[in-house]
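Line by line, the protein sequences are chains A and V. Using my numbering, read the first sequence as starting at 1 and increasing by one per residue. Using my numbering, read the second sequence as starting at 1 and increasing by one per residue.
These are calculated hints, taken from the structure and not from any lab test. Treat the hints with caution; some may be incorrect.
Because identical chains share one entry, a pair is satisfied inside a single copy or across any pair of copies.
No more than 27 angstroms apart at the CA atoms, straight line, and that leaves these computed lysine-lysine pairs for DSSO-like [as the list claims (entries may be wrong)]:
no., residue 1, residue 2
1, K210, K273
2, K226, K310
3, K181, K304
4, K226, K200
Number of protein chains: 2
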Amino acid sequence: MKLRLSEEELCNHRDAVRKKLEEKGLDALCLFSPRDIFYLTGLYLIQTERPVGLLYDGTNTTAFVPTLEVEHVEKLGGVHEIISYEEYPGEKHPMEILAETIEDRSIAKLGVDSDGYPGAYGYEGPSLSEFLGDGNVEELPRMIEGIMQVKTDEEVELIKESCRWGNLAHRYLQDYTEPGKAENEISTMASLDASRSMLKTVGDDYYSPKGATTPATAGFRGQIGKGSAIPHALTTNETIDEGDVLVTGASAKVGGYVSELERTMIVGEPWKKQVQFFESMVKAGEVAMEAIEPGASFADVDRKVRAFYKKNDLMDYWRHHTGHSIGFAGHEAPYLDRGDDRKLEPGMVVTVEPGIYVPDFAGFRHSDTVLVTEGGSERLTYYPRDLESLVIPSR
Amino acid sequence: MKLRLSEEELCNHRDAVRKKLEEKGLDALCLFSPRDIFYLTGLYLIQTERPVGLLYDGTNTTAFVPTLEVEHVEKLGGVHEIISYEEYPGEKHPMEILAETIEDRSIAKLGVDSDGYPGAYGYEGPSLSEFLGDGNVEELPRMIEGIMQVKTDEEVELIKESCRWGNLAHRYLQDYTEPGKAENEISTMASLDASRSMLKTVGDDYYSPKGATTPATAGFRGQIGKGSAIPHALTTNETIDEGDVLVTGASAKVGGYVSELERTMIVGEPWKKQVQFFESMVKAGEVAMEAIEPGASFADVDRKVRAFYKKNDLMDYWRHHTGHSIGFAGHEAPYLDRGDDRKLEPGMVVTVEPGIYVPDFAGFRHSDTVLVTEGGSERLTYYPRDLESLVIPSR
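Isolated chain A, as found in the complex (with noise of 0.2 angstroms):
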């Protein structure tokens, strides 16, 4: 299996996009976003300062890009086109050429993700509708977003791909993990050592649109000891040492999609409290899973924990909602939180990942990636889950 979209896929995405386009009467779609410029053709245009951006008219697609990326997408493919500028600035804005190129090709309604390149880097430019006229704009910033969320079977088996290198990624990280050693060495070695296998196990059936040194990852977040107490810690330098508790995260990338593994370990034998929160946090990713089938509301299952930590007098050392949406950004919407009230359907790709914060003491979470399917749920990630297996020896 090659490691990425098919072009068959590509056509769907871009007929499901052509179709949205019809009903809303438009004669083509300027995309801005590097996400939603992928999905229609399974390219991967970096922000800078320098604009990009494609144009889709329900046949054609047209790239959109500074002289510097052009023999980079001819090398590429997946677009019809390509039209440059210079530079940015430049002597002439390109969004002042994008907009000629758009007038010359008699498109009198135009929709886009946004009104104008979104920016990067100090980018500063006008908007499209300065040029093409309010009128001749529509802002659809969610529509590709909107048809993203449910994922197809091709997108799910990248999921799949990215679980699998990061469980190996994960596997290196608990190997390597004893106390008095440092993190970044610990992670930078298990990224590079599951990359490694990863790269030579799949050879050139690997793809990654972005770009990546060490695709597969693995690592601490910051969250060693008593900072395992903050979810977004972020650290550098850290030793492991005997009693602590570690909140890992890993992935890989994988032909443009990604997936979420996070463990809570425990170095040497675990204390009473710690195994009591430990359980606690699984437990409540088991409410959250059980909770999960097509139909119920992204809240229901959020509410289903909230009364979970409730009832175990937990709500103190409750920090976050239960998950998100994941696939091609490692965080998607819709949130598993009770205020987003959108329903649940197969195909949806989601973090479940309670956790418990204990100030000055420690953090305990688990993330898995998990698919909704028909009859409920699936985890695609299958790392273990289980106090024992999580356990680093002492020395």
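Please arrange chain V on chain A, whose structure you already have, making use of the hints.
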């Protein structure tokens, strides 16, 4: 030296912003950009689907964060106060909670870097002016960016420290490069070894507000062999071959600041054609260095470099402008581009990186991080630039 901005420096940053607020008759400023927030507080708040922001009234700073970031921000410090919302999307939208906070403080005239959280990962939300009224919110997207364009002595010191460790990472990269080796192995080991040395050398003085597993990095950016002709190539698994031209990149994250070091290396005895293009590229860089001085415009420098390309029949191999500003972000405005008429000032830091890209043959680019001084310019990156120093021996 602590490798982070001092409290005095951050005070100066806030003073500069307070003056701008007074000039504009604003009661307070609300910032959403992590860069802008960092500039006032030294605190880096991660942008996810959960909004983060900062209120600054000319005296006090108030962080606006989700529950899961409260203890993190408390631990990091840097703000006078923290206001939190439970979760996103949540039962009440975070922007509504933020707007209420602003109203409670009787802030009549509010400046913002964007009118509401700009969003990431599927975030959706209203603007602040929907709650506060259009006339009460003034968008100032470039205010902090404008102040940051001229770097202070402390900022320059952090950029210099970044150059030092980027240099070491590049040294390891060159040492480890040999025909037959895989790029990811070379770059990962170079990055790990340089990061280890850096962290062991500077110890607890090291600080990276954004976090980093291997804070010093070096790699090939996909520009290997014929691929070196593509400025923004993205690969993961190339093998180094005899005769390859390699375009590298190295940097290190220090106290929130970065630098850029890029070199062209040649594997084995260089061919005549390789030598000619290499020497032309080095000369183009010299032309830029000579043109950089206070009072010259960014455009002037680029025009002189373009004139050099034209005079030497190199425009067929031209793909991008001369360089960009750098400091907090890897690319910043203004740009060394003939369309950018802003003026160079002492304390500005830019990259000088004219490149020569010969399709189906090879690409040639050095990049140096350069400080604009009273007298002209000073290269902060100091890795050798001559061909002899950049040849990888044959096996």
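Results of checking the hints against the structure:
no.: 1; hint: K210 - K273; verdict: neither (43 angstroms within a copy, 32 angstroms between copies)
no.: 2; hint: K226 - K310; verdict: within (24 angstroms within a copy, 61 angstroms between copies)
no.: 3; hint: K181 - K304; verdict: neither (39 angstroms within a copy, 52 angstroms between copies)
no.: 4; hint: K226 - K200; verdict: between (38 angstroms within a copy, 23 angstroms between copies)
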